[in-house]
Amino acid sequence: MTELSEFTSGRDEELGALLRAHLSAPDDVVFAARMRIAAVAAANETAWRSVARWTLPGFAAAAVVLAVLGATLGGATPEPAARTAAGSAAGSLVELASDTSPAGSVALLAVMAY
Amino acid sequence: MRNYPVTDAELAAQACGGSSEAFGALVERHTQRARRVARAALLDPHDADDAVQDALFSAWRAIGRFDPARPFGPWFLKIVMNAAADLRRRRKLRKTEEVPESAADTGSMPDRDTDRALLREALDRALATLPERRRMALVLHDAEGYVHEEIATMLGVPAGTVRSDVFHARRAMRAALGPMGGND
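Chains as they are written, first to last, in the working numbering: chain A, 12 to 125; chain B, 51 to 234.
Misleading hints may appear alongside valid ones.
Stated by the list, open to error - If we take Cβ atoms under 10 Å as the criterion, some of the chain A residues that face chain B in the derived model are:
#1 R22
#2 E25
#3 A36
What the hints assert, rightly or not - Some residues of chain A that are not near chain B, with every Cβ distance over 12 Å (derived):
#4 L26
#5 G27
#6 L29
#7 A52
#8 A53
#9 F70
#10 A71
#11 A73
#12 V75
#13 L80
#14 G81
#15 T83
#16 G85
Calculated directly from the structure, the hints in this document are not laboratory data.
All of these numbers come straight from a predicted model, not from anything done at the bench.
A virtual CB, placed ideally from N, CA and C, is assigned to each residue, including glycine.
Working from the sequences, and respecting the hints, build out all of it.
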């Protein structure tokens, strides 16, 4: 190893190489590739959760507003059975919207698409 | 058509803008170094891998606060070292009564070459005897090539302290390794 004083700013290349080899592992490249996949997955999941957290309640609120507007502007008083169905549908939408898991989000989007 | 590799700064800018692919590419580029640093911090390969993985999640959560004009490597390594410190705290809470047989046990694979095995053991022991800050300063400087000022930022100490830590760590390593460590 190179003899260096406290005030030398250069590297001890020999000790550095020894340490690098010692701290490295044979599967470093595979591990790095695995971490890349994990990083992308983590980033996508976070992004999706963020979208789900802010967008789905918005969709649900819009659906409820549209339902109320439809009933008001339609002029006709809905039949009790239809009113119950509309209420139940709105409740389900709110329930789906409050579920921020990917499955819940997909279900709500499927409903919206339909 | 571009025929040069994408730089860290370009990837970091894209990652800051929310690109998961760019973030993944950055992580892959810096993982080997991060793994070595985590191993030096924790002296345990399995804990080190856990710390790198924890750091990856923390880095993504913090990417919005990262300045893409600055180098990504030191920023990520600082997160890795914080993750290693958190992990050590958690492990200590769990293993208060469990005393390891050897503080320098890194769970390394069996070596066929006896000399290499002896050197590995000696390095494990020597690294384990160093105070953590000195160990990190030595690894970041001599093994990873960071300058004192960068290490000072990562470790949160003055550059003069890093310089002194590197000097004392080298001296301790030289004494611990003896003739195995090189040409002196």
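The hints, checked one at a time:
For R22/A, the suggested interface contact is upheld, since its CB lies about 5 Å from the closest CB of chain B, less than 10 Å. For E25/A, the suggested interface contact is upheld, since its CB lies about 5 Å from the closest CB of chain B, less than 10 Å. For A36/A, the shortest C-beta to C-beta distance to chain B is roughly 7 Å, which falls under 10 Å, so the interface hint holds. Not every Cβ of chain B is farther than 12 Å from the Cβ of L26/A; the closest lies at roughly 5 Å, contradicting the non-interface assignment.
Remark: the non-interface label on G27/A conflicts with the geometry, its nearest Cβ contact in chain B lying 4 Å away (cut-off 12 Å). At the 12 Å boundary, the C-beta of L29/A falls inside the reach of chain B, the nearest C-beta of that chain being 7 Å off. Once the 12 Å rule is applied to beta carbons, A52/A is inconsistent with being away from chain B; the minimum gap is 8 Å. Its closest Cβ contact with chain B, about 5 Å, brings A53/A to no more than 12 Å, contrary to its assignment away from the interface.
At the 12 Å boundary, the C-beta of F70/A stays outside the reach of chain B, the nearest C-beta of that chain being 21 Å off. Every CB of chain B is more than 12 Å from the CB of A71/A (nearest about 25 Å), matching its label as outside the interface. Listed as outside the interface, A73/A is consistent with that label: its C-beta sits roughly 25 Å from the nearest C-beta of chain B, beyond the 12 Å cut-off. Even its closest Cβ contact with chain B, about 30 Å, leaves V75/A beyond 12 Å, as expected for a residue assigned away from the interface.
The Cβ of L80/A lies farther than 12 Å from every Cβ of chain B, with a closest approach of about 34 Å, so its non-interface assignment holds. With a closest Cβ-Cβ approach of about 36 Å to chain B, G81/A is found to remain outside the 12 Å limit, as its non-interface label requires. No Cβ of chain B comes within 12 Å of the Cβ of T83/A; the nearest lies about 40 Å off, and the non-interface call holds. The claim that G85/A lies off the interface holds: its Cβ sits roughly 42 Å from the closest Cβ of chain B, which is beyond the 12 Å cut-off.
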